[in-house]
Every structure is written in C-alpha cells, then in structure tokens.
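Protein chains in written order, with UniProt numbering: chain A, 1 to 679; chain D, 1 to 679.
Any given hint could turn out to be false.
Copies of the same chain look alike in the list, so a pair counts if it fits in one copy or across any two.
As the list claims (entries may be wrong) - Once the Cα atoms are required to be at most 27 Å apart in a straight line, the calculated DSSO-like pairs of lysine-lysine come out as:
id: 1; residue 1: Lys473; residue 2: Lys539
id: 2; residue 1: Lys73; residue 2: Lys674
id: 3; residue 1: Lys662; residue 2: Lys56
id: 4; residue 1: Lys600; residue 2: Lys14
id: 5; residue 1: Lys662; residue 2: Lys600
id: 6; residue 1: Lys600; residue 2: Lys445
id: 7; residue 1: Lys539; residue 2: Lys650
id: 8; residue 1: Lys650; residue 2: Lys473
id: 9; residue 1: Lys127; residue 2: Lys662
id: 10; residue 1: Lys670; residue 2: Lys94
id: 11; residue 1: Lys605; residue 2: Lys539
Keep in mind that the hints were calculated from the coordinates and are not lab data. Here the structure is a predicted model, which is why all the values come from computation and not from measurement.
There are 2 protein chains.
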Amino acid sequence: MGPPGCAQNAEDVKLARTRSRIEVSAVRDFLYGGRELWDEHTEIANVVSEDPVFDKAQRPYLIRTERYGNSLKMMNRIQQLREEHHWSSREYSKACSLLDEPVAVDLHDMAFAPVFMAQASQPLLSKYGDLITNHGILGCYLQTELGHGSNVASLETTATYIPDTREFEIHSPTLTSRKWWIGGLARTATHGVVQAQLVLPGGRMIGPHLFFIQLRSLDDHSILPGITLGDIGPKAMDGYTAIDNGFASFDHVRIPKDHMLSKFAQVTDSGQYIQPPHAKMSYGGMVYIRAQIASRSGWTIARAATVAIRYATVRRQGNRGEDGLERQIITYPSVYNRLLPILSRAYAFILLGHNVGKVFSVMSERLASGDTSVLAEMHTITSGLKALSTNTSTQDVEVARRALGGHGFSTFAGLGRLYANNLPSVTYEGDNFVLDQQVTRAAVKAYKNFVSSKSPSESLLSPSSLYLRLLLKDDTNALTALISWTNPRDLVDLLERRALCLVQHHVEHINDADASADQRVSRAVTESFAAAQVLVFIKELPAALAATDASIITDLLTLYLLTTLESALVDLLSFGLPPGDSSPGRSSADPTSSLRAAIKNLCLKLLPESIGLTDAFGFSDWELDSSLGVYDGRVYESLWDKAQTEPLNKMELPPGYEEHLKVLLRRGQKLAAKNSAKL
Amino acid sequence: MGPPGCAQNAEDVKLARTRSRIEVSAVRDFLYGGRELWDEHTEIANVVSEDPVFDKAQRPYLIRTERYGNSLKMMNRIQQLREEHHWSSREYSKACSLLDEPVAVDLHDMAFAPVFMAQASQPLLSKYGDLITNHGILGCYLQTELGHGSNVASLETTATYIPDTREFEIHSPTLTSRKWWIGGLARTATHGVVQAQLVLPGGRMIGPHLFFIQLRSLDDHSILPGITLGDIGPKAMDGYTAIDNGFASFDHVRIPKDHMLSKFAQVTDSGQYIQPPHAKMSYGGMVYIRAQIASRSGWTIARAATVAIRYATVRRQGNRGEDGLERQIITYPSVYNRLLPILSRAYAFILLGHNVGKVFSVMSERLASGDTSVLAEMHTITSGLKALSTNTSTQDVEVARRALGGHGFSTFAGLGRLYANNLPSVTYEGDNFVLDQQVTRAAVKAYKNFVSSKSPSESLLSPSSLYLRLLLKDDTNALTALISWTNPRDLVDLLERRALCLVQHHVEHINDADASADQRVSRAVTESFAAAQVLVFIKELPAALAATDASIITDLLTLYLLTTLESALVDLLSFGLPPGDSSPGRSSADPTSSLRAAIKNLCLKLLPESIGLTDAFGFSDWELDSSLGVYDGRVYESLWDKAQTEPLNKMELPPGYEEHLKVLLRRGQKLAAKNSAKL
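Could you put the whole structure together from the sequences, leaning on the hints where they help?
Written out as structure tokens, the structure is:
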C-alpha cells in the first residue's frame, strides 16, 4: 500500500467515478463510431501494447539516431503483426496511430502511397502498386524545398522532357531548390514522388507536376547516382525525433517517361502537353489529408483533457476543509474554467471529424464520376476546419499542460511530447495563415454570388456558406430580445449572424481591409459551419444514446457553443449583436456578464461528469503514457517510479565530477580560506 | 560566392539596413542602459563566445547525461574566467546569462545564495558567506514538494526542535513530502536551504521556516546519512536539459540549531519562538527574483523578434513583381501584423525592466531601514508584471516561430529552444494564475480604501493603483469624443479607464464573480500600470536620443499601446468605452475598424525601421544561435551547413538497416512477387 497521500488520490478518482452519471461504455462506443470499432480498437491496442518492441519507457533517454533505429524496428514489427493478424488497412492504420511516435512509414502510408495510387498511370500502378502496398519499396513525397513551401507554383526543381530518349531529367538548379523537410527521405525511403516544374522541348514551362523516382538501390540501399540525400537535423522541442526528415538534390537524373504520374496530365512522346480535364483534379489528395485533421485534433485534445482532468481531480491544494483535506484543484473556478471548455472541444472536433469523413466519402464518389463542382466546397470546408482545429488543439494542449502546475513541465506528464508532435500541424498541409486567406476568398465569392443571384434561396447554399440564409430574413433586431444562453439554436444563430456581419463588412471594405481580416473572417465562417453541425449532432443525440447521456453531452456541446461565443465577443460587441446593452456611459454594467455566468453555471453542472466524460475516450494508461493521467489516480507514485528510470540516478557520481565539479569546489574552498586568513 | 538565391538574401538584408533611419548604436546603448554597459556586454560576450567550452554546435546531439556533464565543465570554466578577468558580480552574472543553457549554478546564484545572505544569522554568514560567494560549496533552494507547490503553508517536511541537543530534526514524513523539482539538487549541490514546518517542543506547529543543511560530503561528494537524493527525470520539450532538478527525502536528519536562518524569526535554546518584526519580512527574496523577470521576458521577446524579422526580410514567397523577384514575406499584412507588435513588446518590457529595477532599489533601501509598508506595493507590481510579461513572452516566441513557416520547426531556427527554456516561467516563482488572484485582491483593497477615504486625492495612490485617480474626475463621457489613436496620452487614459471599470465591476459583483474574473482584472490593472510607465518613457525619449530615433521609438511604444488596446477590446466594448458606436442594429458598421486601421498604418510606417530596431538589440550570431536569424541574411546556407552536422548524415547506412529495414523491404518484395505470380 502506498503512503496516505496516494491512497487519497486513488480514493478521489474512485469517488469521482461513482458520482459521474454517464454510462462510460455507451458514450465510448458512440465516440468510436460504434461498438465494433471500439472492439477493434481494443483488440489492436492489446496486441501492440503487449509487444516489447513498442515499449515506451526508454524513449526519453535515447538520442536521435537511437530513436530512429528504434523506429525501423517498430516499422518492421508492425508490418509483421499486420500479416500475422491479417489486419485490414483500417486496422493497420489504427495500429500505427497507437505507436505514439511519428515514424517514416507514416509518410509512405499517408502521403506517398495515396498520391501514387490516385495519380499514377495504369502501367505504373501494375508495376509498383503491390510493392507499395506491401512495403516492398518505401516512398516519400518530395514537395517542399529549402526556398519554397506553400507556394508550390514557385518550386525550382525541374523535370525536363527529352524526346530523344523519352525520359525526364530531374534537376536541382540552385541551393534553394533542394527538397527539404521530406519525411522519410534521409535514410528510409527507396523511392519518392517529386514535385517538379515540367519543362517541355524548347524550354516551355508548364508548371509543377509529379514524377515517380527511385532514390536508393533495392540491393544494398545505396543512394543512386546523381542524387544527394541527407537528414535536415533535429526538430524543435524534441518533436518528430524518430523521423528522418531529409533533403535531396538531383544532378540531371534521368527517369523513364512513364514515371510521370500521368493519370490526369500527360506528355506525348514528341513532347506535347495534354491538359487534365479539371485544373484542380489532382488536389484531391491534399483535401483527403486535411479531412482527417479535424478528427485527429479532437483526439489530441481528448488526451490532454483526460490527463489534466484526472490530475486536477486528485491534486489537492489550498486551505483544508471540514474533512481535513485540501481542496481538489478542479473545484477552483480558474481550473475548471480552463479544462471543461477543452473537454467540450474534444467532443465537438471528434464528432465533426466523423461528419467530415462522411461528407468526404459522398463528395469523393461525385468526384470520381467526374463531377468536379464539389472540389471548391471540399477545399473550403477542409481548409477552414484544418486551420481551426489545429490552432485549437495546439492551444488546448498547452492550456491543459499549464493547468498541471509545475509537474506539467516533466516529460512524464506526457503533454510536452503531445504538444511538440502536434505543433507542426499548424504549418504542414497548408500554413494556417495561408488557408485562412483561401477560406476568406471563398466566403467573399459565395457572398457576392448569393446577393447577385436573381432568386436567392436557402437551397442554393453549400454547407460552408449556410449562414447567408440570414440574408433572406428581415429580422435584424429580432435576435436581441430572444437570446437564451441555454438554447443551442440561439447560440448557433448568433454565430451565423457574426459570420454574416464579418463577411459583409469585409466585402464592403475589401480595399482597405485591416491586417488580421483574413484570420477573423475565416474563423467566423468556419465556426459558423462547425456550430451548425454541432446543432445537428445535438438533435441526433437522443436517437443514439440513453436520455441521461444524451442530456449530458448536449450540455457539453452547448458549452462548446458558449465558449466559442465568448472567444467571439469582440466581433459580437463590435457589430452590436447580443450580449446586451453596451451603450456609452454605462461604465459599471458589463453586458458580457450574463454569458460568462452561463458558462460558469454550465461548467459547475458538468463538473461531476468530467471524469466519466474523459473515461469515455477509452484511453489506456499505455496509450496516454502520462504519470499525471493514470487511471487509478496514483499520480505521485507514478512520478516517483518514473524518476527512478532516469540514467543520472544510476551513476554513483555525476559525470564530470572529478574533472570539473570537484575542481570548482576545491578552488572556491581555497579562496574562501585565503579570505578568512586575511581577516 | 553562394548560389543566386542566397546572394539575394544578403542583398535584401543589406538594403533593409540602408533604408532604416535608426541610429543603431545609439538605440542599442539606450537599451543596454548606457554605452558603458554595452561595452561591458561586448567585452564579456567576446571572452565567452571565443572559448571552446561554450561552443553550442554539439548541444542538440548530446543526451541529457552528456549535457549535464558539459554544464559542470561550463560552470567550472566560467568561474575560472571570472577570476582571471576579475569580473564583478554583475559581470559574472552577465557571463552566465550568455551561456544560453540554464545550469545548476544559476540556482545557487539566484535562489540559494540571495536567500541565505538575506536571512542567515551573523555567525552563519561569517562561517559560510565566503564559501558561498566563491562556490566553495554549491547550494540549492529546497521549497516545492511532490505534493505541494504554490501553497507553501501546506508543505509537509518538518523541522522539529530538540532542546536537549539544541538541534533540529529535518524529516520527510510521506511520499508527497519529498522535495521535488529542486534545481541543482540531484547531483550538483553540496548544501541547501530547506523550507520546513517548524515544530516546537510539545508538537506546536509554527509554519514554514528556512533551514541550512549539508547534503553531500565535501571530501568525496557522497550523500550524507539519512538523506536520499535523485534526479526527477527529463523535462518537457527538451527544456532545462542540463539542470539536475532533483528530489530529496530526509529521515530524521539532525542539524545544529544555528542552522536555522534566523535573521528574522528565531527559536530560543529552550524552544520558545521569537516572531519576526514583520510577518512578510522574509518575502523580499521572491520579490527580488520576480523583479528581474519583466526585463528577462523583454530580452526573450527581443531574440524571437530579431530572428523572425530578419528571416521575414530575406524570405521571398508569392507572385513575382516587376523586378522578377517574389515578395518579401514581411510585406504581407498577416506577417508584419504579427511581428511588429512583438517588437514593440520587446522594447516595452526591456524599458519596464529598467524601471522596475530602479523602483526596486529605492524600495529595498526603505525595507532595509525597517519600513515594511512598501512590501505590499512591491509584491503587487512584481507579481502583476511577472504574470503579464511571462504570459506575453511565451506567446510571442511561439507567434514569432510560426511566422517562420516550416523552417521554424527546425532546431536550427533556435526558437523552439528559446520557447522550451522560457516556458516554465509561467509556473515558477508563483504560478501566473495564483499571482493574478493576488493582484486582483490587492486591486480590490486599494479601490475600497480609496473610495472610503475621507479626502481622496491622487497623492494617496501608489503606482499600481494610479488609475483610481479617474474617480476624482467627473468626465465619464468626455473621453468618447476626444480619443485620438495617435496620442499616447489618450491610449493610456483608455487603458486606465478600462482597469477602473473592471475593478469597479468586480467589487460590485465580488460574490458572483465569473470564473475568469481574476485573470481579467489582474491583466487590466497591470496593463494600466505598464501603460502609464510607457507614457513616462515616451516623455523622456527626446532627452535620451536624437530626434529621429526618439520619434521612431515613440511610434513603436505607441504601437505597444494600440495593440494592448486591441487585445482589450472585449473590455472596452463591453463597458461602452471607445472605440465608437456599438449600438444594436448597426450590423454592418464595425467600430473596431478605426483602431485596427491605426495599427496597420503604424505598422506600415515602422516597417522600414524594423531591421534597425532589431539590430539595436545587439545580438551576435553566436548569441542568437539561429540559422534563420543570421546577421548577413544568408539563412539557407546556414541551414545547409548546420544540417551537415547531424550525426545521421555521418552513417553510411541507417542504424538498424540490416536487422529491420532490409527485412521489412525483402518481405514486402516477396509478398508482391507472390501476388503477381498469382495473376
């Protein structure tokens, strides 16, 4: 038995579970998309977590080369397990996502293979498809360069067609044209897909296209002639440590003509260019990757929320109550006011992820049948949600980490690692600032189309611009009187109205826009879309869950809407939308009070359910890998046990004691003795 | 000569320097507090940067035990240099601050020694003072425990007085009472000052007091009997890697009675307690440490601003202009709108730091002469500024890092390291959320005192509550008409008025306060104080600098005030303060537009000065240690050179190729072959 302090921790979390009314298994199945998917998750998690290859205990103590070596071992083992257990590709993806360590093969599976499969010609597919699926070759996706990231049109690598030999010559003309940041390129990948400027005979520049290229020998993994490869070095905050993000330059490297990914655009033998049917046909891949991100962000927030809420439930600090115990920190307003909104966003983004997945499937089918009209809408929704959800998850993980107090800065708390590995998501797959511009541009276009339409009606509106329906109503002031902070419909109306005001104002001032307009408009439009979806989820809850669970999750999603409104207060107030009266001179009245009071009340109502709501994420201790988030609440024992694994604790004397520390101390002692002799 | 792309980089930064009108050396001297201090800085920076012991190139590749061993080497060397060069303690501190690596001796110098010197009795000082000054012993400050951080009153470690032997017995009764997070404790320190509950004969508990204790033998560094020491393990995001933050437990360890730090409180031989003259007399140390933080935060922001502004000046991306070049990214509104406000905060906090230093000296003198009335004000100002400046610096470093785009995630960009080492500042020396509570409590008290005063006048107000002077004026509406975004006085008035509104409202609703009230009130009060100080700086500028420089820095500080107002818009709008008209129904007018336009205009005006304003921070390339912030602008060459130092690039084949990667590839190739044989 542990000392009294820890027994109390265990007691606290146990009691919290007893008090929570939520049916954990039912809500968990709902979050996983059904009991079957939860069972699948459990089965795979058991296999992976019991395998010593995936043990996480030593990771914090390995240097990068060791972490990388270890990742190869993991990649090999996970593939063995896939074959042993006959995992489907969904099951295999699930297993990879459980490793809690981004590895090179992720880039093969999520970037290289999908692009190749979607855009290679049939002969190329026949030759390499099976090799790719079975990891007989490993690929990477070579897009960004040292000098260019989001601006694909300005990439410098060239692919010049040589009609004589029917080859392309891949070349890196400058230092800045070196491919850079490419995951898996430095040491792992044998092949790659290169984005390069297509140059036709006579020097005609066609713009960026994709080319399949072999990088290393399949015999001995040696680098092929004309290619220079290397690792770009370690990443910030110890993130993505095990991935060999690499650089590459090409010195007039020849590849066969049929290595151009030519499902859409083609070059004839003589060097004529054949345009793709739709200029943006090849963007499907990027949209697909982005579509996954909302859901992933939701689960990232869920991890942080679980750790922080469990710890805040067992951590006691402050004056002692009548029971002789200090107060559980989760009962402090400044703590629950940070953690419950995070929990609500985890639920909202996970559910949004489900939905985007469904919408994406429908749209993909239409796209496959040649209907490219859906591309713009898909692009807007996935761009907006990608920017919103990654900005949010990055921020929420850090807010949760800070709520852990001092111990949050320990590696063993687990949230530093989560933050570092999540952080590049704000930049990759489209820098969020660039995506905001595109979302805003689409919103302006949708607005102009709608107001110039001869017979505007709600049926003309796509989901991303549904808020424009408010233009059809003449009720500008109706809302003011009717708003209720407990009615989700009102909250959504308000968020839609805010989106409309911002877009309208932006259209009117497009030529003298302020410097943050794109960010604010994009956020307002995307939050309006998300809120409308959340309202749909709320309506569907009673059919999916028992009454108590449905009601609790309705409250949680209402908290999501309320805190979204709170973060939108500047917009609401500046456009004279409720909350309340803010006329000049009323300096002692704060019209935002009622919103904040509603948030506080809802937090207090949800507080007893917070442990159940986090348990419903279904994370095992192995998955969370956090001393502060252990299921049984024995956080201090866990921190203590982990500290014993630190290599410094296995050394009798500190490294460098004799040469440095002893010398320093002795010299100081002599000086002090000399001084005291002087006295 | 480098390739064309890089020559252009060098050209861009050179041209930017030519265009900047600022007199870099004059502004630099101003920021350093005078030419003498700049010269001192240069001299010491030269010594340290040229010494191979402080070479930074290998740090990213060392594991923690190596980084720690290396830190001992640095500690020994810096002390040698101190003696060789006869550095004053200020010069020595400067040298330590340049190491860009938090090391254990920092805790000796900044926590252990000041507390010991301020609170030890004269006999103890005579015995150990010289040893401490000369690093003949190294100390740590043992306050936080596994179970308790900010709530010092609940610490569990006991110091029980034994009258028979005139000793104290230091004891750790529980797992949670173990000292934890103590910098330098695990492997470095020979001695420490322990916070422990004083227990007198008969079991009378007196509360936490400080005791000096020896931890390790000075002969062989072995741990003394009854003491268990160890390292708590690695820290999040690779921060504070080289420091051996430790744990300790004490098993009835006896120390002599005169090892209690008894300058203020004492215990007689028979076990009677003698109270200190002022209950908070011993808080001076904490206040001193916090007083340094505003300035340190300012310089942290300065580093991030320098890196990001230099990179944004040479990075080109987007459509090509008439000169055939892409656009410098700093000219994009979404970029300069992020970076120039950061620059303004660097200046504001550096200058605030100077000022707090001066105020602190005056207050210290009064305190030394027994006048403890100043303690409360010192506590409020330093707590508020500590919370504000560390929240700001943490955020600004990350905003700057994101403005670097993809390359910002490279270790070589330097901002990840800056972020990780700065991050604990939001938690240590008082968790910011706890400090906010204290600042708000002080503001409520000041308000109540003032309004209940018989003859309230401005002279009664301390600097932290100067905004209460607005209560003396009957001009609630006067401001509305008069506001000018270019007049700093108006901006400060508005920030003071906002503070007053928030405090008033909070006092009126103290029993139904919302959950974030403490944070908002504390921020408003502290920003009001900071703004009033900034106004003083602006007035003093013409005497300190030439007209052009003074005018540019006035603009920069005005930008600080404007962006502070922008971040306060919810408060301003909700209390009906300007900007403008926000009455319901005016849905297409945005009253915040004029403020945002003013910010944009000022940013555009300052843009050509941004390189000069960052050069004036005087950072050498060695100090910044950032490939993206190199002085000559050759960022891509620097990234390239750094990448060559990655150990993975020195291995012919990846570690684990034969055992794992080759096995994986071969198996996949066989499977693919089997499939194609089937067809």
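Cα distance capped at 27 Å. Does Lys662 pair with Lys56 within a copy, between copies, both, or neither?
between (36 Å within a copy, 24 Å between copies)
Is it within, between, both, or neither for Lys127 and Lys662, if the alpha carbons may be no more than 27 Å apart?
For Lys127 and Lys662, only the inter-copy Cα distance (21 Å) is at most 27 Å; the intra-copy one is 66 Å.
Between the shortest in-copy and the shortest cross-copy C-alpha distance, which are at most 27 Å for Lys650 and Lys473: within, between, both, or neither?
neither (73 Å within a copy, 68 Å between copies)
Given a CA cutoff of 27 Å, do Lys600 and Lys14 count as a within-copy pair, a between-copy pair, both, or neither?
within (25 Å within a copy, 54 Å between copies)
How would you label the pair Lys600, Lys445 (within, between, both, or neither) given a Cα cut-off of 27 Å?
between (39 Å within a copy, 25 Å between copies)
At most 27 Å between CA atoms: does that hold for Lys73 and Lys674 within a copy, between copies, both, or neither?
This pair counts as between: shortest inter-copy Cα distance 24 Å, intra-copy 59 Å.
My question is about Lys670 and Lys94: at a cut-off of 27 Å on alpha-carbon distance, are they close within one copy, between copies, both, or neither?
So Lys670 and Lys94 pass the 27 Å test across copies only (25 Å; inside, 63 Å).
Cα distance capped at 27 Å. Does Lys662 pair with Lys600 within a copy, between copies, both, or neither?
neither (57 Å within a copy, 58 Å between copies)
Which holds for Lys605 with Lys539 at a C-alpha limit of 27 Å: within a copy, between copies, both or neither?
within (21 Å within a copy, 52 Å between copies)
Within, between, both or neither, where Lys539 and Lys650 count as close if Cα-Cα is 27 Å or less:
neither (58 Å within a copy, 59 Å between copies)
Since the copies are identical, ignore which copy is meant and state whether Lys473 and Lys539 lie within 27 Å (CA to CA) inside a copy, between copies, both or neither.
For Lys473 and Lys539, the Cα distance is within 27 Å only inside one copy (23 Å; across copies 54 Å).
The earlier numbered hints that this structure contradicts are 5, 7 and 8.
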